[in-house]
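If you're matching them up, the sequences are chains F and S in order. In terms of the UniProt record's numbering, the first sequence has 206 at position 206, counting the first letter as 1, and numbering is strictly consecutive. In terms of the UniProt record's numbering, the second sequence has 223 at position 223, counting the first letter as 1, and numbering is strictly consecutive.
Everything labelled a hint here was simulated from the structure, so no lab data went into it. Wrong hints could be hidden among the right ones.
Heads up, the list lumps identical chains together, so a pair's fine if it works in one copy or across two of them.
Taking lysine to aspartate or glutamate pairs in the DMTMM-like style, the calculated list, with each CA pair at most 25 Å apart, reads [stated by the list, open to error]: (1) K19 to E66; (2) K13 to E42; (3) K13 to E58; (4) K19 to E42; (5) K13 to E129; (6) K19 to E58; (7) K13 to E222; (8) K13 to D41; (9) K19 to D41; (10) K204 to D28; (11) K13 to D27; (12) K204 to E189; (13) K13 to E47; (14) K19 to E149; (15) K19 to D192; (16) K13 to E191.
Everything numeric in this text was worked out from a predicted model, so none of it was measured.
There are 2 protein chains.
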Amino acid sequence: MIDRTIVPSTDRKRGEGVKLVYDILRDDILDLVLPPGSPIDEVQLAERLSMSRTPIREALVRLAGEGLVTALPNRSTIVSNIDFLNLHTFFDALTLMYRVTTRLAAECRTEVDLEIIRTRQAEFTRAVEAHDALAMIATNRNFHAAIAEAGRNPYYISLFGRLLDEGRRILRIYYSSFDDHLPRRYVIEHEDIIAAIDARDVEKADQLASAHADQIVRHIQEMIGRDRRQRIAL
Amino acid sequence: MIDRTIVPSTDRKRGEGVKLVYDILRDDILDLVLPPGSPIDEVQLAERLSMSRTPIREALVRLAGEGLVTALPNRSTIVSNIDFLNLHTFFDALTLMYRVTTRLAAECRTEVDLEIIRTRQAEFTRAVEAHDALAMIATNRNFHAAIAEAGRNPYYISLFGRLLDEGRRILRIYYSSFDDHLPRRYVIEHEDIIAAIDARDVEKADQLASAHADQIVRHIQEMIGRDRRQRIAL
DNA sequence: TGCATTCTTTGTGTCGACAAATAAAATACA
DNA sequence: TGTATTTTATTTGTCGACACAAAGAATGCA
Chain F
1 MIDRTIVPST
11 DRKRGEGVKL
21 VYDILRDDIL
31 DLVLPPGSPI
41 DEVQLAERLS
51 MSRTPIREAL
61 VRLAGEGLVT
71 ALPNRSTIVS
81 NIDFLNLHTF
91 FDALTLMYRV
101 TTRLAAECRT
111 EVDLEIIRTR
121 QAEFTRAVEA
131 HDALAMIATN
141 RNFHAAIAEA
151 GRNPYYISLF
161 GRLLDEGRRI
171 LRIYYSSFDD
181 HLPRRYVIEH
191 EDIIAAIDAR
201 DVEKADQLAS
211 AHADQIVRHI
221 QEMIGRDRRQ
231 RIAL
Chain S
1 MIDRTIVPST
11 DRKRGEGVKL
21 VYDILRDDIL
31 DLVLPPGSPI
41 DEVQLAERLS
51 MSRTPIREAL
61 VRLAGEGLVT
71 ALPNRSTIVS
81 NIDFLNLHTF
91 FDALTLMYRV
101 TTRLAAECRT
111 EVDLEIIRTR
121 QAEFTRAVEA
131 HDALAMIATN
141 RNFHAAIAEA
151 GRNPYYISLF
161 GRLLDEGRRI
171 LRIYYSSFDD
181 HLPRRYVIEH
191 EDIIAAIDAR
201 DVEKADQLAS
211 AHADQIVRHI
221 QEMIGRDRRQ
231 RIAL
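With the hints as constraints, model all of the structure from the sequences given.
Structure (C-alpha cells):
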C-alpha cells in the first residue's frame, strides 16, 4: 500500500487534527486505497499521525454519519461496502438529484456561479484530454457539485454530495475501462447543460441533466448489471 | 426547564451511553425543550447523566453530522438555528421527498409494510382525536417515515428523515395554532394515500402525496410567509 | 470618563491509561 | 481426532486530567 500518510510534522494547531484524519481517510476511501471492508485500526492510525486516539475516533464517527465507514460495536470499524445488489436505489436517487440540482441552478444561478461552473468544466475537459481517468472522476464530481451549489438548496447539496462520493467509489472500480469517446460525449453534454443554465432555461436544463444521468447510469451498468431505476414520467 | 433528564441509575452497559445522550438531546432539540441557539455544556451534561465527557462528545458529533447542532470551535456547541429566510428550500425538498417516497412505496410495498403504515396511521388518528398537538406532530412524522421505509431507498429514507425532523421543530413552534378541521383533513388524506399504495397506483400516490405536501406547506406558510417553492410541472 | 491591556474564568480539545468485550489460541475432554 | 471449554491477546469504550483558546472582568492609562 502506498504510504502517503507518513507522520506529518508534529505541533499541529488545536482542532486541526480531526480534519487531517478525516480528509486522509475520506480520500483513501473514495480512491479505494482503502477498499470496502478494510478494517481501520485506531491505534495504528494514531501512531502513524502521531496523535491520540480521541481525534481519530471523532473523525471515524463523522465518516460513519456519512455512511463511508461502518462501526461494528466493540470491533474494528470497517470501510462501508458498496451495495451492488441495491445499486438501482443509488441510480434512482442520483438521477433525481442530477435533475433537481440542475433545474435549480438554471433558476437561481448568478454570474459568479456560472464562472465557477465553467472553471470546473475546464478542469474536467483538461482531465479528459490528458486521459487521466482518476482526475476525470474527481473533476466530474466537482462540476456537478458546483451546479448544486448554484441551486442553493442545502438539503440537495448534501444528499447529492453523498451520492457523488459513492459514485466516485463505484467509477474508481472500473476506471480502467474508460475509453475515449464516452468522456468526450460527457464534455459536450456538460457544455449543453452550462448553456441551459446560462439561459435560465429550466425545462431544457432538466431534460439535459436527465439525459446526462441516463448516459452515466447506462455507462456504469454496461459494466455491471441491469437498469432497475424507478421511471418517473416528467 | 423540565428536568426529565435526571441522573439515570449507574451501571450502564458498554456502548449504551452514547445512544442515551443522543436520544435525550435529539428529543429535547426536536421538541424545542432545547430551543435553537441553546448552548450545550458538555461537563454539565456529563454530570447530569453521570458519565464522562467522551460519550457525550460522540453524541454531539453525530448530531452535528445531522445538522441538529452546530459546533463552534473552542466554544460551546449550540442547537442549530432554524433558517426562516430559506424555508423555501426546506419546502421544496420536503415536497419532493413526499412524492418520491410515496411513489416508491406504491411500487415496492409488501403486505408487512402496509400493516406497519396502517399502525402508524392509527396512532396518528388517535392523536388527532385526543387533540394532542405534540403527539400529532410525532405520529405524523412516523407515518411518513414508514412510507419511506416501504420504498426501500436508503438515500431517500435518510434525507426524508432529516426533513421530517426539521419539520417537527418548525411545527412545534406553532403547535398551539393547530385547529380541529385541518388535522381531520390530514387523516382523510393519509387514508387516500394508503389506498393508493395498497392498489400499487404509482401516479395516484404521487398526485395525492403532492397535494398533501402542498396542504402542509400552505398550512405552515399561513403562519409564516410566502410560498417560494420551486414549481416542477409533472 | 473612554479606551486599550492584562488577568481571570469558563469550557473545549487532546492525551494517556484502564477496563470491558470479542476473537483467536490453547487446553481439556470424550 | 473432533468438540467444548478455558485462557490469552487484541482492540474498543470510557474515564479523569491537563492544556489551550476565547469571552468577560478587572485594571491601567490618557
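Verification of the hints:
1. K19 to E66: Both. Shortest intra-copy (15 Å) and inter-copy (18 Å) distances satisfy the 25 Å Cα cut-off.
2. K13 to E42: Classified as both; 21 Å inside a copy, 22 Å across copies.
3. K13 to E58: both (16 Å within a copy, 21 Å between copies)
4. K19 to E42: Both: 15 Å inside a chain and 21 Å across chains, each within 25 Å.
5. K13 to E129: For K13 and E129, the Cα distance exceeds 25 Å both inside one copy (39 Å) and across copies (57 Å).
6. K19 to E58: both (9 Å within a copy, 15 Å between copies)
7. K13 to E222: Classified as neither; 47 Å inside a copy, 49 Å across copies.
8. K13 to D41: Both, since 24 Å and 23 Å are each at most 25 Å.
9. K19 to D41: both (18 Å within a copy, 23 Å between copies)
10. K204 to D28: Answer is neither; intra-copy 37 Å and inter-copy 45 Å both fail.
11. K13 to D27: within (22 Å within a copy, 35 Å between copies)
12. K204 to E189: within (12 Å within a copy, 34 Å between copies)
13. K13 to E47: For K13 and E47, the Cα distance is within 25 Å only inside one copy (18 Å; across copies 29 Å).
14. K19 to E149: within (22 Å within a copy, 33 Å between copies)
15. K19 to D192: neither (36 Å within a copy, 48 Å between copies)
16. K13 to E191: Neither, since 42 Å and 57 Å both go past 25 Å.
The structure fails to meet hints 5, 7, 10, 15, 16 from the earlier list, while all remaining hints are met.
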